[in-house]
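Engineer: Chains Z and B are the protein sequences, given in the same order.
Okay, so the first sequence: first residue is 657 according to the working numbering, each after it adds one.
Okay, so the second sequence: first residue is 657 according to the working numbering, each after it adds one.
Take these hints with a grain of salt, some might be off.
Given that identical chains are not distinguished, each listed pair holds provided it fits within a single copy or across any two copies.
Dumping the calculated DSS-like pairs for lysine-lysine here, alpha-carbon to alpha-carbon at most 27 Å [as the list claims (entries may be wrong)]: (1) K714 to K728; (2) K892 to K1043; (3) K1040 to K973; (4) K663 to K725; (5) K1005 to K1050; (6) K714 to K971; (7) K1043 to K792; (8) K916 to K890; (9) K1052 to K1090; (10) K810 to K916; (11) K916 to K663; (12) K1043 to K1068; (13) K1005 to K1044; (14) K774 to K892; (15) K727 to K714; (16) K859 to K810.
Keep in mind the hints are simulated off the structure, nothing from the lab.
Protein chains: 2
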Amino acid sequence: MTKKLVKPTTLSGFMELLPSDQILFNNIMDTIRENYEKYGFLPIDTPVIEREEILLAKGGGETEKQIYKFKKGDTDLALRFDLTVPLARYVSQHFSELTFPFRRYQIGKVYRGERSQKGRFREFYQCDIDIVGNQKLDIINDAEIPSIIYSTFKDLGFDEFIIKINNRKLLNGFFQWLGVEDTGQVLRIVDKLEKIGSEKVKKELREIGLQDEVVEKILEFMMINGSNSEILGKLKAMEVENESFNIGLEELSIVNKYVKTFGVPESNYSIDLTIARGLDYYTGTVYETFLDNYPDLGSVCSGGRYDDLAQNYTKQKLPGVGISIGLTRLFYQFREANIISSDCNTLTKALIIPMIDYLEESIEIANYLRIKGIMTQVYLEKGKMGKKFSYADKLKIPYVLIIGPDEVAENKVSFRDMKTGEQSLLSLEEVSDKLR
Amino acid sequence: MTKKLVKPTTLSGFMELLPSDQILFNNIMDTIRENYEKYGFLPIDTPVIEREEILLAKGGGETEKQIYKFKKGDTDLALRFDLTVPLARYVSQHFSELTFPFRRYQIGKVYRGERSQKGRFREFYQCDIDIVGNQKLDIINDAEIPSIIYSTFKDLGFDEFIIKINNRKLLNGFFQWLGVEDTGQVLRIVDKLEKIGSEKVKKELREIGLQDEVVEKILEFMMINGSNSEILGKLKAMEVENESFNIGLEELSIVNKYVKTFGVPESNYSIDLTIARGLDYYTGTVYETFLDNYPDLGSVCSGGRYDDLAQNYTKQKLPGVGISIGLTRLFYQFREANIISSDCNTLTKALIIPMIDYLEESIEIANYLRIKGIMTQVYLEKGKMGKKFSYADKLKIPYVLIIGPDEVAENKVSFRDMKTGEQSLLSLEEVSDKLR
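With the rest of the complex left out, here is chain Z (with noise of 0.2 Å):
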């Protein structure tokens, strides 16, 4: 009987890894997740599917396009999109058993049918942190953020670069004062400028019906440069009439002041009036990283301040900020941009090959390294010594110990280093201790 055999393969847009490259990725998602913890951030893990009312609750758009949707029996199911929507199910659904302000992070998959191209995918892992007031949550929390997206790209083995700090307030109340109706479409159009460059965002806020005097304003607005407290020098000298704009520069102020004292070095931020994130939800201040080096990757770590986390689920007035880290995209462009690669195929430290007959020697002595907490495997195939040794070589397993006749006459072991050759009789303590 020939069955017909179904050709195995993942649907497009969704990343899987070879266990070297698996291995990389979790170290990542470790550091990230280290990084979290540490600045005291509980970890919540909520489903991945919801009741499609739930996921849409704030109403379509392009995300509605891409949303994977599906019935149960007579329910409309959804997967999640994001982390953030979830977030304010779970705080509102749990209000009265959470303390606040509710620092919380989740580290999970979520799912956008966008388009298939290169560098984008439809499952992928987002690294979220917010903290979330109840009625009211101080500035200073702003402040916070940028230090934990320093620690955590300093820990992940990067020294250059720059948290970009912006406030929609101040853009917001600049465009109002400078006579603009519908400020967040000024918003959504300047937002492009590094990706369309000036003159296509001028031409946009033209066609939108701006004046060319108003287009002109915006664009010098924008172009305001100089080091931090220069920037916000500008800003006051402008005397902007326009209570919007001032209370968006002093919570910028602020910011800018206290980042220093969470320990962001000056070099790894900066007050940047061009980042205005897409997103209707900001309201305060909005956050991008990019990476001195890399500036193709884009943001690799954006978030901001919002006034009112779940306003769709419950009347409690819930302001928060947060950060998201992209994971899988982030994995796939480091690794195309050649930043890591996969040194190591295994996790395992030592491998342990067995002459013929002195298997039981050789567990015992697996059993002995890892309660010492060393990752160890033994070959436990029959087959030539070749292939045992090529087993470990193919998964690039620094360590072989041998174990046969002489080394249990002696109660040693030969211990190999599979990158030098070298090979000495050693005593089980004296494994131990290199192993560790």
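Add chain B to chain Z, keeping to what the hints say.
Structural biologist: Okay, now just chain B, sitting in the frame of chain Z:
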């Protein structure tokens, strides 16, 4: 404008935890992961969504009804219902890039639209390991698996548990020897022995057409007991003339011998001829694990040996052996049985409470402690001291550091043990030593 609120709820059958329980849950998952890694298993992470054709390659039955299916564009998709089918697809797809024996672990969510009932979940974590051979896999691997179960449950804090071992070849061979034709049917019935009792099993066996004499012999066989070596002795003494029986007996003897070598105390494992495992899938050694003091939980870790992992996707013969821990259900059961309870609401070791105007000094102390690897938070909100202490209380943060004029003048901090209420003036070095 009043907006209609969407009621914030999760779907029934989907576990969602408060942070205190999530910390506990994550600790268990971390312990399982550490143990899997200690034994040289490599991480993989397959997509949650696969083509329906992949997931249903084996063909329907009960599982097909439970599967979450949907369409995106023209493609029939489904959510994975276990981690074994994705493993089979993974190994077939990446066959030439993997090193065999391939030892992999995967910890991830799977989905089954089961009828909702207490303690049953539609989204749940499985924690799987498998050792997959290319063409063949030595029986010694079957003896290593119990040592991984042993090490994991010891690290989870259990001493009294039994890993029950049996062999399907032995059972099948015995049934064949008795003249049974459909041995699979008999297996599925005797698998219910624990659940429905021997009388009902007998009844069902008679109903499928077995003679009373055969039924009695089957039940007699299942009841063979004694120490492991006594059971093996009795099985040998039966002189069953059936090849499958004798191969099974030989395998069981080898596993029994080496399980000891792998460091599992005799008190933690036993040969049990009633362990059949319902799944067709297993072809040799089978395992189930029971906590002595909590028999109602049923098996907390099960698995076995299979001849051919991926016959639906590849012509390569891939025998393997593996186990699975259903973590979500296990966690639920642990909690219901009061085996675990969360005694911490946070990971934070120290909360720093700044007195008015001492925010900057407080933040600097937090920076110092975080660099030392201590999970630290600063209370950043304005407000009364009582409210700040109550935040530490609610989250059960063990230590509070108070920073004000006296502390700064003396270059010390007020260190309060929140359990005892003791407070002392300490230097930063003393605090950091105490907290580590």
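Engineer: Compare the structure with each hint and give your call.
Structural biologist: Outcome of the hint check:
no., hint, in the structure
1, K714 to K728, "both (23 Å within a copy, 23 Å between copies)"
2, K892 to K1043, "neither (73 Å within a copy, 36 Å between copies)"
3, K1040 to K973, "between (70 Å within a copy, 21 Å between copies)"
4, K663 to K725, "both (26 Å within a copy, 19 Å between copies)"
5, K1005 to K1050, "within (14 Å within a copy, 43 Å between copies)"
6, K714 to K971, "within (15 Å within a copy, 50 Å between copies)"
7, K1043 to K792, "between (65 Å within a copy, 14 Å between copies)"
8, K916 to K890, "within (20 Å within a copy, 76 Å between copies)"
9, K1052 to K1090, "within (17 Å within a copy, 41 Å between copies)"
10, K810 to K916, "within (16 Å within a copy, 46 Å between copies)"
11, K916 to K663, "neither (56 Å within a copy, 42 Å between copies)"
12, K1043 to K1068, "within (23 Å within a copy, 63 Å between copies)"
13, K1005 to K1044, "within (15 Å within a copy, 47 Å between copies)"
14, K774 to K892, "neither (44 Å within a copy, 62 Å between copies)"
15, K727 to K714, "both (20 Å within a copy, 24 Å between copies)"
16, K859 to K810, "neither (40 Å within a copy, 68 Å between copies)"
Comparing the model with each earlier hint shows violations of hints 2, 11, 14 and 16; every other hint is respected.
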